[in-house]
Amino acid sequence: MIEIRFHGRGGQGAVVASKLLASALFAEGKSVQSFPSFGVERRGAPVMAFLRIDNHPIKLRTNVYNPDHIIVLDATLVEAVDVTSGLKPKGWIILNSDHSPEEFTGFASFRVATVDATKIAVENHLGSRTHPIVNTAILGAFSKVTGLVSIEAVAQSIREAVPAKTEENARAAVEAYDKTVLPSNDHPTEG
Amino acid sequence: MKKVMTGNEAVAQGVKLSRVQVISAYPITPQTTIVEELSEMCADGRLNAKFLKVESEHSAMASIIASCTAGVRSFTATSSQGLVLMHEMLHWAAGARLPVVMVNVNRALGSPWNIGNEQSDSLSQRDTGWIQLYCENNQEVVDTIPQAYRIAETVKLPVMVVLDAFVLSHTAEPTEIPDQERIDEFLPPFKGDFTLTGRRHQSFNPITSPDYYMEFRYKIQKAMDQAKEVARSVDEDYEGLFRRGYGIMEKYNWDGADTVLVTSGAVTSTSRFVADELAKEGKRVGLLKMKMFRPFPTEAIREVLGGTRKVAVLDRGLSFGQSGFFAQEIRSTFCNEDEQPRIFGFVAGLGGRDVTPEDIRQMISYTLENDRPRHDIIWIGLKQ
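If you read the sequences in order, they're chains A and B. Number 189 in the working numbering belongs to position 189 of the first sequence; there are no gaps in the numbering. Number 23 in the working numbering belongs to position 23 of the second sequence; there are no gaps in the numbering.
Hints listed in this document are in silico derivations from the structure and should not be mistaken for laboratory results. Any given hint might turn out to be false.
[Unchecked claim] Output of the computed footprint for chain B on chain A, the stretches with three or more beta carbons under 8 angstroms from beta carbons of chain B:
hint	segment
1	31-38
2	58-68
[Unchecked claim] Pairs of lysine-lysine, DSSO-like flavour, derived with a Cα cap of 30 angstroms:
hint	chain 1	residue 1	chain 2	residue 2
3	B	K2	B	K251
4	B	K251	A	K30
5	A	K88	B	K280
6	A	K165	B	K283
[What the hints assert, rightly or not] Examples of chain A residues lying across from chain B (beta carbon under 8 angstroms, computed):
hint	residue
7	K19
8	A22
9	S23
10	F26
By construction, the Cβ of each residue, glycine as well, lies at the ideal position given by its N, Cα and C atoms.
Go ahead and model the full structure; you've got the sequences and the hints to work with.
Take a look at the structure:
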């Protein structure tokens, strides 16, 4: 079983991102379980969402304590919360950032990939310049980095479930897939 | 068709499939998205029902009592404080023998404020005359709602379908939406025996003297007795059509086990995970999932647990001054039996505290290692 944790801020769409990714993985034959952190959510406050992925029906219904990979929708969260809490060694940290992975020096035992999801979102008119909606773009990066799900399935999942600016959202994911920056010494894993 | 959906979305699908005609609700976390989804279905015509937005949960129940009296299939959903605010009307719905169905999303009660998952809200309504069915996953949620209407309309008692807050209500997982035509075959349109038509003079629920009142109560008890068999056969019919059945309880990993863990709701799922691991380690611990809590399936419990040596009961709620709800009821089932298992009552997971595989293992270890429980309640995960 693979466990993913999303870090975002209330209103950024981390919960929706987890569910979209779940639908994409399910379409490719995986068992999935997607849920938010069970608390009171406020706009702008740090929030989490979770995703379990397995080849068999998922019986475990607890919080995720030791994620295999994390997705960070807002790089300022790295300063605000311990995003790597419980993250398994060698786990991927997929960050929305315009910096290169090498610039994040504090994550020695993990692997870092970055994508400028904010820029991609703004270029695709998703949200506003001050509040870009990055949750679909970041999923493209997840597909590229982990190889667990195809970018086609991610785009399809977005097309089926996102009611507004559907094509723009799907395009953002595909662009992010192409523009994801992996560390120079690493290569994407095979799915 | 199978789709990734939350427990709340599964509820809305189940209600739509049941062709409910009146929905009345007051929004409360975390069931809010149930009524959001249903109001959208009513607004865009996917569901041909009247949606009433009322000023309180008490009014929500009062209004579906009225619509059901008029012979219309009716629904509401609530949670926690909303359910306990309805308390007076719950008794009324059962006393008036109205087959309304309500979903309750299991959540802790204040004070102090807490929106987390536990079962005290619904279990503390056990004496209201409502049938209670607890669901383990979102598939069971969507399947249980049409079943609930069949049961309710057969025995003329209200049914509460219960799912865990967040762990099911806000958790999305692959869920099959049953085919509408086959649901129509399974669940015919509702027709009340005595309905308020407005076409002639009628009086419902008049004052009833001591000469008659007791017999009304007796009939509720008889209907509850009947509900056990009705629920079983309704589920068999459902399984025949959709190849998914749940029974009123389910045994899991019982091969040769003389110790059994009793669970209900979503924690059953994590308990299956633990039971599978224990089986691989060569430990024989069975699992009994209880779907039906009211009526309490006393005879079935005696039959399935009668031969076991030890029974661990996982409660996520308690009656203060007594013990866990399920533990109490299982103990009372055996009070006049010559042979009875030792019953270990555990309380865990209150107010949204996670019940982990380690917690479940701790319950099982305690049960295996002790000849009898040292206390009526064994608290798990309690901070000292």
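Hints and how they fare:
1. 31-38: holds (count 7)
2. 58-68: holds (count 6)
3. B:K2 to B:K251: 26 angstroms, holds
4. B:K251 to A:K30: 27 angstroms, holds
5. A:K88 to B:K280: 25 angstroms, holds
6. A:K165 to B:K283: This hinted pair is violated, its Cα atoms lying about 54 angstroms apart.
7. K19: With a closest approach of 5 angstroms, the K19 (chain A) hint holds.
8. A22: 5 angstroms, holds
9. S23: For S23 (chain A), the interface hint holds, since the closest Cβ of chain B sits about 5 angstroms away, which is under 8 angstroms.
10. F26: Where the cut-off is 8 angstroms and the nearest Cβ of chain B is about 5 angstroms from F26 (chain A), the hint holds.
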